[in-house]
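Given chain A's structure and the hints, the job is docking chains B and C onto it.
Protein chains in written order, with our numbering: chain A, 1 to 292; chain B, 1001 to 1351; chain C, 2001 to 2293.
Please keep in mind that the hints were generated in silico from the structure rather than gathered at the bench.
Just so you know, not all the hints are guaranteed correct.
[To be verified] Derived PhoX-like pairs: lysine-lysine, alpha-carbon spacing no greater than 20 Å straight-line:
1. B:K1011 - B:K1323
2. C:K2111 - A:K279
3. C:K2289 - B:K1127
4. B:K1069 - B:K1108
5. C:K2243 - A:K274
[Claimed, not checked] Covered stretches of chain B, going by a simulated chain C footprint (3 or more residues, C-beta under 8 Å):
6. 1080–1087
7. 1092–1106
8. 1115–1127
[Unchecked claim] Cβ-to-Cβ under 8 Å is the rule here; a few derived chain C residues that face chain B:
9. E2185
10. L2207
11. P2209
12. T2210
13. R2290
In this text the structure is predicted, and so the values were computed from the model without any measurement.
Glycine included, C-beta positions come from ideal geometry on N, C-alpha and C.
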Amino acid sequence: MGNKTIITASLKKKRPEDSEWVRYLLTTMALGVVFLIIGIPVFHVFFRAFEKGPMVYLDNLFGNPNTRHSIFLTLSIAPRVVFLSVVFGVSAAWAIARFRFPGRTILLTLMDLPLAVSPVVAGLVFVLIFGMQGWMGEWLSANNMQILFGTPSLVLATCFVTLPYVVRELIPVLETYGEEEELAAVSLGANGWQMFWRITMPNIRLALVYGIILCNARAMGEFGAVYVVSGRISGLNDTMPLRVEKLFQEYDMPAAFALASVLTFLALVTLGVKTYLEKSMAHQKADAGEST
Amino acid sequence: MSISVKNVSKKFGQFTALDKVSLNIPDGDLVALLGPSGSGKTTLLRIIAGLENPDEGSVLHRDEEVTSKSAKDRNVGFVFQHYALFRHLTVFDNIGFGLSVRGVPKEKIASRVRELLHLIRLEGLEKRYPSQLSGGQRQRVALARALAAQPRVLLLDEPFGALDAKVRLELREWLRRLHDEIHVTSIFVTHDQEEAFAVADTVVVMRNGKIEQIGTPADVFENPANAFVMDFLGQVNVFQGIIADGLPKITGFSSSKGPPEKDFCSNTIYVRPYELEIEIMPSASDSLPAKVLHVNPAGPVVRIHLQDLESTSRVFVEVNFAKFKELGISTGQKVFIQPKRVRIFAPDYMI
Amino acid sequence: MMAKIEFGIRVQGVILVAFIQSNKGSPLPGLSLSLGYSVTYLSLIVLIPLSACFIKAGSLSPTEFWTIVWSERTRAAYSLTFTTAFLAALINAAIGFLVAWVLVRYEFPFKRFVDAMIDLPLALPTAVAGLVYSSLYVESGWLGQFLVPLGINAAYTKFAIVWVLVFTGFPFVVRTVQPVLEEIEPEVEEAASILGASRLQVFTRILLPTVFPAILSGFAQAFARGLGEYGSVIFVSSNIPYKTELAPVLIVTRLEEMAFPEATAIATVLLAASFGILAFINTIEIWSKRFGK
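The following block holds chain A by itself, in its conformation from the complex:
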């Protein structure tokens, strides 16, 4: 048995090999590209952040009230955006993966729009609606409500750009697992929510976390859209990336890099979790394949 798996594996995996020098040359070139484009920048961020020692680093991060506020703001916006994207992602994925209805493909395409639209445009459209000269501007100011240049618009603009992240991960997983288990649950008398929490949720769990990780990274890192709707009011509406830019404009490079290093660290954590989840999902898929 063991022998058989070895032989089929060795026969299947093998591709016609390129000559050794081609392999070495191409691998060196590819690794060089990755090092140049990705490796050096990552080293550079941490190097510049810690150049003056850890005490200066900590002071750069937490000594300035505006920087502190930007960390707080990002940490308060991201969870709200993620929550909204998850609710949308789960419901849209359910509708699209489980039902056939007219306009289904249009819906799928429309969901991808935010990926193609410039973040600046994403911000602009909210200015056009909520700004003083916009559709709702007068009504809002008459009712003493502030949306633009405030946290609500930051959340809205971030929701726009992160909208596809969760749903795109969920649809293929829902399609892979099929609906047999859910139909069985319904036939055994489960109601909709019971079926959802006990059958659907466990199946899509990993993909959901995966989508949340990607959505969160984008929510924390978004620049263009929030830049436009923030109104650039110092200290009040600066998220971490906006604060990085402001420090850069003020030529406070050590502080800019200190804050950037936190964002880079978060990005690296995101990649780590993502890689781990990809591995688990591959296992889960293989297990599902075996049982059917």
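Frame of chain A, contents of chains B and C only:
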């Protein structure tokens, strides 16, 4: 063109795929490499094609040593189990690929492709892509593609393995007729003995990286070289026996389920299901008593399962329908069995 | 204005009812709730805001619109945006294919780690990318100290814009090509070489055409990303009108000047380009399905 393989061995890590295999295939022969999975048949085919390099031994095409030649320069046709058609090319371009990479002029390619399309009876489909064809059509295109550059030998790796049972039957008959037309030396790998018998001139039975027997289908089936070949080529009943006065004699049912893998012990006797006679009354003193367990009378051949009265050992008998009517047996009845022909296998000993 | 939105919502309601009625077949629950919620959310967050942009642009007369988008400054911004994004996407097509090839076909130490790092540009905020790239290529920077003496001034030039766009678009080609390369069965290559094709012929006639749609799709994604990029480019570009001012930067400038019609008109052209690319990507997908299994 004749093919010779001399003392070829191949290992994948710890696993020995081929162990000093030698084989001669005369020009124009249609040969089946038959064996269970892991027997080394596909590896042997790939070594002949040049897709795999043997650890030792040599491969000769006619009298020319080709062991160190790459697949590209051997001019062999190869048909893969899963077709391996080029998805982005049309049927026409797939078939013409081998000629096109050799720089054959366009008009010549076109006429050769048309010829082959006629041969595989797919005229009119040359503009289709592989994804628009059925499995059987794809495999015919793969065959035409392999034949386009007039290879000196045609190699087929489980060519019908991925097809439906019905298409499979049609295609193998078609392959047989095709070979009778073009007479190119052909070797195909299969694990289906019926397929090997239906198509091949010569059958090579393999196991564990070694050749167990080479012969015509009739020869191999009638005179299996050993217990493995006997078992692999069809159902077999196993009895305990002794050799008395140089003749094998059944003394009882065997407790083992099938022939032992390696053990050629002389007190094991093998009998094919249709070589057992069922008797209501014993015709001789050595007829074995048995109980009818189950009768399956569907079709021209009636299959009867019998059980030893004492042990739980079972025997499987095939009789024709007329004989079954004449016997008039039913489930639960006590009968006797008498072998018409028995085989025992010992090293260099066979009846 | 409110009436317009109300009308929009009512139309939506009608469409929703049509959706739900047409799908009485499935025995699974939750269609009306899930579809209703997701269409409403999508409309509120994406569709109505985007239509605001088009309606606003539509309120301009054709001449007004034309004057704005064809002024010398906007033309310069568009042309810079399109050329830099195009160049960056082209570079990404080449190096992305190279990296995907090496990741799929060859073994080397820390392969999994390198594979994971490919996605960094998607996880790293673009502002950080801009900050780092701007500081790497200035004269005193890690790379600038070697490049500037060679006469390559990469900071605050078009070169810098292209380079940072290569960074932000890097994962797209790699990630579209990788699965396609992986899916090519070894038998297909073996078949080609048995038919007499050399390694080079196998590459140019079998492998490259097979992955070409994927390269094209990755290229288009990187291109779309490059067109709209803002966060990273404002760091590395000097943002000088007519010279190094990109279309998204110009939009923001106009917004800060409270010149909404101008900003909207420029954005509309950019949006139309995005839609065009999206349609292009979808066409490639349909086209390459022709070769599907």
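- Go check the region 1092–1106 of chain B versus chain C for me, would you? Three or more residues, Cβ under 8 Å, otherwise it fails. holds (count 4)
- Message: Taking 8 Å as the Cβ threshold, is the statement that the region 1115–1127 of chain B is covered by chain C upheld or broken by the three-residue rule?
- Response: Our answer is that it is violated, as 0 residues pass the Cβ test (under 8 Å) against chain C, missing three.
- Message: Please check whether C:R2290 passes as an interface residue: C-beta within 8 Å of a C-beta belonging to chain B.
- Response: Nearest chain B Cβ about 6 Å off; hint holds.
- Task: Verify the coverage statement for the region 1080–1087 of chain B against chain C, using a C-beta to C-beta distance below 8 Å and requiring 3 or more qualifying residues.
- Result: holds (count 6)
- Query: Taking the closest Cβ pair, is C:T2210 under 8 Å from chain B?
  - Reply: 6 Å, holds
- Do the alpha carbons of C:K2243 and A:K274 lie within 20 Å of each other, as the hint requires? 40 Å, violated
- Message: Run the distance test for C:K2289 versus B:K1127: straight-line Cα separation, threshold 20 Å.
- Response: 16 Å, holds
- Item | Proposed proximity, B:K1323 with B:K1011 (alpha carbon, max 20 Å) | Given pair B:K1011, B:K1323 is violated - Cα atoms ~52 Å apart, limit 20 Å.
- Task: Verify the proposed pairing of C:K2111 with A:K279, using a straight-line Cα cut of 20 Å.
- Result: 14 Å, holds
- Message: Holds or violated: the hint that C:L2207 contacts chain B, with Cβ atoms closer than 8 Å.
- Response: 10 Å, violated
- Message: Can you verify the interface hint for C:P2209: is its Cβ closer than 8 Å to any Cβ in chain B?
- Response: With Cβ-Cβ at 5 Å, under 8 Å, it holds.
- Message: Just to be careful, I want the Cα atoms of B:K1069 and B:K1108 compared with a cutoff of 20 Å; is the pair within it?
- Response: 27 Å, violated
Of the numbered hints stated above, those contradicted by the structure are hints 1, 4, 5, 8 and 10, listed in ascending order.
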